[in-house]
Each structure stands twice: as C-alpha cells, then as structure tokens.
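*Asks:* Sequence:
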Amino acid sequence: MRTLAPKLKMAAFAAAGLTLAACAAPVPDSGAAMREAQLTGTMGGFQPPAGGAIASSELSAAGIGGAQPGFGTTGGADLERRAGVQASPSNASPSISDEQSFEAVSNRETIQSDAERRAQQAAAYQVIQPTALPQRSENGPNLVEYALNAPNQRGQEWYSRFILGTWGNRFERNCAGYNSPDEAQRDFLSRGGPERDPRGIDPDGDGFACGWDPAPFRAAVGR
1 MRTLAPKLKM AAFAAAGLTL AACAAPVPDS GAAMREAQLT GTMGGFQPPA GGAIASSELS
61 AAGIGGAQPG FGTTGGADLE RRAGVQASPS NASPSISDEQ SFEAVSNRET IQSDAERRAQ
121 QAAAYQVIQP TALPQRSENG PNLVEYALNA PNQRGQEWYS RFILGTWGNR FERNCAGYNS
181 PDEAQRDFLS RGGPERDPRG IDPDGDGFAC GWDPAPFRAA VGR
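Residue numbers (this note's numbering): 1 to 223.
It should be emphasised that the hints constitute simulated quantities derived from the structure, not laboratory data.
Yeah, the Cβ is synthetic: ideal placement off N, Cα and C, and Gly gets one too.
Careful: at least some of the hints might be erroneous.
What the hints assert, rightly or not - Taking CB as the label site, the calculated pair distances span:
1. Ile128 with Ser101: 20 to 26 Å
2. Ser190 with Ala219: 21 to 27 Å
3. Pro216 with Ala132: 28 to 34 Å
4. Arg161 with Pro141: 18 to 24 Å
5. Ile128 with Asn107: 34 to 40 Å
6. Tyr125 with Gly177: 29 to 35 Å
7. Gln135 with Ser97: 42 to 48 Å
8. Arg154 with Ser190: 17 to 23 Å
Put together the whole structure using the sequences plus the hints.
*Replies:* Written out as structure tokens, the structure is:
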C-alpha cells in the first residue's frame, strides 16, 4: 500500500500537467501572423467585403496602395515630369518665334503698327546695281594665246639659234633666275622671242623657254 502511494501521486501530477497544456493558448508566430494578415486583408482591422470589390478609399484608409507624396497622380514632381509643360501662345518657348501664329501676332500687332514696320523694312532695303567684271590685267605677253597659236610642238625646232660652246651653262644659269617656267616664257617673249633669244633660254629653237610646255593650255581647249 505504501509502495503504490508515490506512484499514484506522480501519475496525478502528470495528468494535471497535460490538462493545463491542452487548455493553454498557443503562442502565435509573429511573422506568420503578419503574412496571414496581409494575405487575408485583416491588417489594421480592415475586412474585405463579401463581394470582393474593394473601394480605393477603403484601401487608402487601410494603408494599402496609398501614393507617396511627389509620385502620385494628383501632384508632385513626377506628375509634372510625365505630363510635361504645355506650350501655348501665352507660354511660348523663348527660342521659338511665334510670328507664324495668327493669334499671337494679332494680339500683339495692329494694322498701323504692321504698316510702320513694313515701311521701316522698305527704307532699309537696298538694291545693289550690277557692275561690269574687272578686266584681267596681265603683265607681258599672253601665254594662253601664244600656246594656242604656236605652230609647233615642244622640242620641235622652229627657229634658228646661234649656239656657242658655253650655251649649256648660260641656259641653266639664266633659267635658274626665274621663279617658274611661265615667268621665263613671258620674259622670253617680251625680249623678242620666239624669233630672238638674247638670253639663251631657248637653245633648241622650239620657241618655248626653259622647258615651258604649251600642252596643258592646248588640252584645255581639246587640241
């Protein structure tokens, strides 16, 4: 009898503990409860209607879907950025002229002011009369004319020359004193060429001094 008493007491305590554990409310998981409230729409005491349609005012009252300041559709910088600046004659860009706008011009100008402006433009208008082209001045003989009228080709002897033993040195020395073959040919013609060659710059007698070539002038006219 004494041996069974302690065992009965221990069994009674265990049964009482199980009863208290069954009656105690479980400690909810705060994270799970938060997610459940968001999914079911019960956060903040808000209950979705039975029909499923939720008014935007009710969503805003519950803190759901509210627009942040400056990013909504009722104002803020984002609305101005998306909507843009509406241009009009009264709000025209300073870099764009409104002269083509009848409304803008009619509001700014009158018949009298327009007539005065046209009179000012007419007074500032100047007509420049055409004048004759200046005559081309050329010092010395005309090389183009000579090239086209010469009877022979370059290197073809046409005029007699008295060649001395030192003509080669004289030819090279005198031709080196000209800046170009054109200058040499012009000086050659002005000194009596092609019949005469006092400076010895046309030793072969073709009438072309210092290797001057008439071919480019003849090619220009198809000869």
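*Asks:* Next, verify each hint and record whether it holds.
*Replies:* So, going through the hints one by one against the coordinates:
Taking 20 to 26 Å as the suggested C-beta distance range, the pair Ile128 and Ser101 does not conform, at roughly 34 Å. The hinted range of 21 to 27 Å is satisfied by Ser190 and Ala219, whose Cβ atoms lie roughly 25 Å apart. Judged by the Cβ atoms, the range 28 to 34 Å given for Pro216 and Ala132 holds: they are separated by roughly 29 Å. For the pair Arg161 and Pro141, the beta carbons lie near 20 Å from each other, so the given range of 18 to 24 Å is met.
A C-beta distance of roughly 38 Å is found between Ile128 and Asn107, which places it inside the suggested range of 34 to 40 Å. At roughly 56 Å, the beta carbons of Tyr125 and Gly177 sit outside the given window of 29 to 35 Å. The hinted window of 42 to 48 Å between Gln135 and Ser97 holds, with their beta carbons roughly 46 Å apart. Separated by about 20 Å at the C-beta atoms, Arg154 and Ser190 satisfy the suggested range of 17 to 23 Å.
In the structure shown, a violation is registered for the earlier hints numbered 1, 6, in ascending order.
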